[in-house]
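Chemist: What follows is each chain in one-letter form.
Number of protein chains: 2
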Amino acid sequence: MKARVYVTLKNGVLDPQGKAIHHALEGLGFGGVADVRAGKMIELDLADSITDADLDAMCRALLANTVIENYRIERGA
Amino acid sequence: MKARVYVTLKNGVLDPQGKAIHHALEGLGFGGVADVRAGKMIELDLADSITDADLDAMCRALLANTVIENYRIERGA
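Just so you know, the protein sequences line up as chains H and Z, in that order. Each residue of the first sequence is one higher than the one before, counting from 1 in UniProt numbering. Each residue of the second sequence is one higher than the one before, counting from 1 in UniProt numbering.
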């Protein structure tokens, strides 16, 4: 079974990576970009025995830093 | 208008970050993980004048390295 975890910085947390991307886009002549936020996507190939609670525990223990990051889990087929 | 760009490594490209995450999950006692691939998610807040072609150009010019990475664009409201 495949699962995807999307990790994003919480609102209000400074995002230097996103700022750098924004600045670089402007430098390349791409206007009309108001804001850029950078996040992570982690694709996991899991055994079918892994429950939603297991996946949530993985996110809390390792994949996301819940002090400054939100995470969203998307389970696939 | 919001748009999200998902950047993933192409199949066959080594993913040391994914390997490190996999190893760390096993070290923490999470079994049942067959494979982990790490990718990026970039959230853009765009002016309505930005077309799909503009967004594609941004991906090719900066957001993804198309030699080793695939990208997928998801436009929101």
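Keep in mind the hints are simulated off the structure, nothing from the lab. Careful: at least some of the hints might be erroneous.
It does not matter which identical chain is used: a pair holds within one copy or between any two.
Claimed, not checked - Here are the computed lysine-lysine pairs in the DSSO-like style, where the Cα-Cα straight-line distance is at most 27 angstroms: (1) Lys-40 to Lys-10; (2) Lys-40 to Lys-2; (3) Lys-19 to Lys-40; (4) Lys-19 to Lys-2.
All figures in this text were calculated on a predicted structure; none of them were measured in a lab.
Chemist: As a check of your reading, is Lys-40 near Lys-10 (CA-CA no more than 27 angstroms) within one copy, between copies, both or neither?
Modeler: both (13 angstroms within a copy, 16 angstroms between copies)
Chemist: Tell me, please, which holds for Lys-19 and Lys-2 at an alpha-carbon limit of 27 angstroms: within, between, both or neither?
Modeler: For Lys-19 and Lys-2, only the inter-copy Cα distance (16 angstroms) is at most 27 angstroms; the intra-copy one is 31 angstroms.
Chemist: I want to check one pair: Lys-40 and Lys-2. Are their C-alpha atoms no more than 27 angstroms apart within a copy, between two copies, both, or neither?
Modeler: Answer is both: 16 angstroms inside a copy and 17 angstroms across each meet the 27 angstroms cutoff.
Chemist: When no copy is specified for Lys-19 and Lys-40, does a C-alpha distance of 27 angstroms or less occur within a copy, between copies, both, or neither?
Modeler: both (15 angstroms within a copy, 15 angstroms between copies)
In the structure shown, no violation is registered for any of the earlier numbered hints.
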